[in-house]
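Chain residues, written in single-letter form:
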Amino acid sequence: MSQASIAHVAIPKGGFAHELRATRVVWEREMIRFWRDKARVVSSLIQPLLFLFVMGGGLSSLVRAGTGGVDFKTFLFPGVLAMSVLFTAAFSGISMVWDREFGFLREMLVAPISTTAILTGKCLGGATVSTIQSVVVLALAGPVGVPYDPLMLLELLALLFIMAFMITALGLVLASRVKQVQSAMPLVQLIITPLMFLSGALFPLSNLPGWLTVVTHINPMTYAVEPVRSVVFDRLSISSQARAILDPGIYWGSYQVPVAMQIGLVIVSAVVLLFAAVKLFNRTE
Amino acid sequence: MDGSVHSAEAAIEVRGLVKSFKSVEAVRGIDLTVHAGETFGFLGPNGAGKSTTIKILCTLADATAGSAKVAGYDVATERDAVRRSIGLVFQEPTLDGYLTADQNLRFHGELYGVDRATAASRRKEVLDMVGLYERKDDLVQTFSGGMRRRLEIARGLLHSPRVLFLDEPTIGLDPQTRASIWQYLNELRKREEITVFVTTHYMDEAENCDRIAIIDQGKIVGLDTPAALKAGIGKDRVQIATGDDAAAIAALKEKFALEGRMVEGLVTFAVQEGAAFVPQLFEKLGVPIRSVTVTQPSLDDVFLSFTGTSLRDAEAKGSKFNPMLAAGRSRG
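Protein chains in written order, with the numbering used here: chain Z, 1 to 285; chain U, 1 to 332.
Here chain Z stands alone, though its shape is the one from the complex:
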């Protein structure tokens, strides 16, 4: 018997540093896969661009009378930013169904680390990928009449990152229940499309019928989209009437919900969804 020629490596007894390393490497994997998958990058940008230029352009003459002179594309811009993030992030979360199908989920879940560390890495990955993609849409600010204000761009990136984190966590919750690859994408459509339509991304929240007001106000996406629009509209030189129509803010009864509180609500939703996903994955795998 020849003696062991392979170095024995030591592995730690767990702890926070180890969990962080695990989170980091899960995030890193999302990055590697993102850069390798150029087709996904391109195809997920097409839908927001269609909305911005085709729907926005097509409807702008029709709605001009009601927007107080503001280009409809300008109004749509924050909504389309949110949309691009919404689809990419939802896909990042639901991609766990493929990880399960190809067995890699098991490789992650049998490691001596917490499910929280893995899913946090996944959410950070989804949020980073979505935010990077949104840069392409952000670059189109000029052509739709939004100034390239550096501070605004930074604020938008931060807001989109938080939104994407929340949506990736939602995608993970869905992925924990869906075992069939074929049903994953239809389910994303089923959940994400209403979230988008009921969030104020595509139309202002002012003067909606009563039931629509209720539904939009319980949709967490609403509280993620409104700060984005608010940050953009702060930089526009438009009349206060136009702002009141296009960016009325969110009211609970007569109480205007401050933007900071909206952001807080999104963060809370993100954390709740993440922990729900952890619970569900712990139970079912």
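Read the hints as simulated data drawn from the structure, not as lab findings.
Bear in mind the structure is a predicted one, so any value in this text is a computation, not a measurement.
There could be a bad hint or two in this list.
When the alpha-carbon atoms are kept at most 35 Å apart in a straight line, the in silico DSBU-like pairs for lysine-lysine are as follows [claimed, not checked]:
| id | chain 1 | residue 1 | chain 2 | residue 2 |
| --- | --- | --- | --- | --- |
| 1 | U | K230 | U | K284 |
| 2 | U | K69 | Z | K179 |
| 3 | Z | K179 | U | K22 |
| 4 | U | K230 | U | K255 |
| 5 | Z | K13 | U | K124 |
| 6 | Z | K13 | U | K190 |
| 7 | Z | K279 | U | K190 |
| 8 | U | K69 | Z | K279 |
| 9 | U | K284 | U | K255 |
| 10 | Z | K38 | U | K124 |
| 11 | Z | K179 | U | K136 |
| 12 | U | K284 | U | K219 |
| 13 | Z | K13 | U | K136 |
| 14 | Z | K179 | U | K219 |
| 15 | Z | K13 | U | K230 |
| 16 | U | K230 | U | K69 |
| 17 | U | K136 | Z | K38 |
Fit chain U to the given chain Z structure using the hints.
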């Protein structure tokens, strides 16, 4: 003849293990001790309870009753300690095809918290061992089935586990690749101080193990070295094709006091000095014989003698009802 390596602490210790799925008992009371450093085979047809047992030992499933210790840690109460001490190679592939071989290993090393200073050299060593170092920067999706399995073995070893579990490591591979996988596993035993626990339903592969447990319908029915198991039978196996099988079985009993049964469509019985027995058989049986095969005892015969059925027939029965499938856990 009881395994070559002994240590104060058993690598795996299982006591009264039971696992029930709703109304089905997949594992029905298993007791088992695997010594440190030994290669232990877990042999049985599909649905016998092999995968269920391995899942419990790897902390992926809870036992309904009984206890198990792996590398000295309790699988129920010291989950992470068990996980740090074991390497796993599953039946189903668990690699990311969109990553390179080296990236898959790096991912694993980070998940297990392998010391960064030694991680790179360790990756090289395990890749070298399975002959994949030259392909380390290729995407895993370009690998063949055998290469993937080798990479999984390398990955299972990356964090220097004390026990390596392999669940059907050669399933679905061609015979040549199967042989090469075993070559790597035998090499591994020489190079690392590691206990290997392997499940298989290939008899020929079980010959590579120091000791074998034969599991059938959730119970261990035999446990010893391959040589001792075969010696325990002491008889040759004779299979005959006849014109009238029922009459042949009756005649065997009446004229030779031999217990014949149908195995794989042939009248089969065990007898000492099988080759010398054949002339008598032709003389006295009184039923037309179309062909005769005499074989020395193999593990297949061991299996037959312990379970009353050949592994292939047991397989056919097992596939009709597999408790793992019934519990809806066939994948992932």
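Tested hints:
Of the pairs offered as hints, the one joining K230 of chain U and K284 of chain U holds, with about 29 Å between alpha carbons and a cut-off of 35 Å not exceeded. Taken as a hint, the K69 of chain U and K179 of chain Z pair is honoured in the structure, with Cα atoms around 32 Å apart against an allowance of 35 Å. A hinted pair counts as satisfied when its Cα atoms are at most 35 Å apart, and K179 of chain Z with K22 of chain U qualifies at roughly 21 Å. Among the hinted pairs, K230 of chain U with K255 of chain U is consistent with the structure: their alpha-carbon atoms are about 27 Å apart, no more than 35 Å.
For a cut-off of 35 Å, the pair hint linking K13 of chain Z to K124 of chain U stands: about 24 Å separates their Cα positions. Distance restraint check for K13 of chain Z and K190 of chain U: the Cα-Cα separation of roughly 28 Å lies within the 35 Å cut-off, and the hinted pair is therefore satisfied. For the hint linking K279 of chain Z to K190 of chain U, the alpha-carbon distance of about 43 Å lies beyond 35 Å, and the restraint is violated. The straight-line distance between the Cα atoms of K69 of chain U and K279 of chain Z is roughly 27 Å, inside the 35 Å bound, and the hint therefore holds.
The straight-line distance between the Cα atoms of K284 of chain U and K255 of chain U is roughly 7 Å, inside the 35 Å bound, and the hint therefore holds. Between K38 of chain Z and K124 of chain U the CA atoms are separated by roughly 30 Å; this keeps the pair inside 35 Å, and the hint holds. Taking the CA atoms of K179 of chain Z and K136 of chain U, the gap is near 32 Å; set against the 35 Å cutoff, the hint holds. Annotation: proposed proximity of K284 of chain U to K219 of chain U is violated, straight-line Cα distance about 40 Å (limit 35 Å).
Restraint check for K13 of chain Z and K136 of chain U: satisfied, since their Cα atoms lie roughly 29 Å apart, inside the 35 Å limit. At roughly 32 Å between alpha-carbon atoms, K179 of chain Z and K219 of chain U fall within 35 Å of each other, so this suggested pair holds. With a CA separation close to 44 Å, the supplied pair K13 of chain Z and K230 of chain U exceeds the 35 Å bound. At most 35 Å may separate the alpha-carbon atoms for a hinted pair to count; K230 of chain U and K69 of chain U meet this at roughly 30 Å.
The straight-line distance between the Cα atoms of K136 of chain U and K38 of chain Z is roughly 23 Å, inside the 35 Å bound, and the hint therefore holds.
Checked against the numbered hints given earlier, this structure breaks hints 7, 12 and 15; the rest are met.
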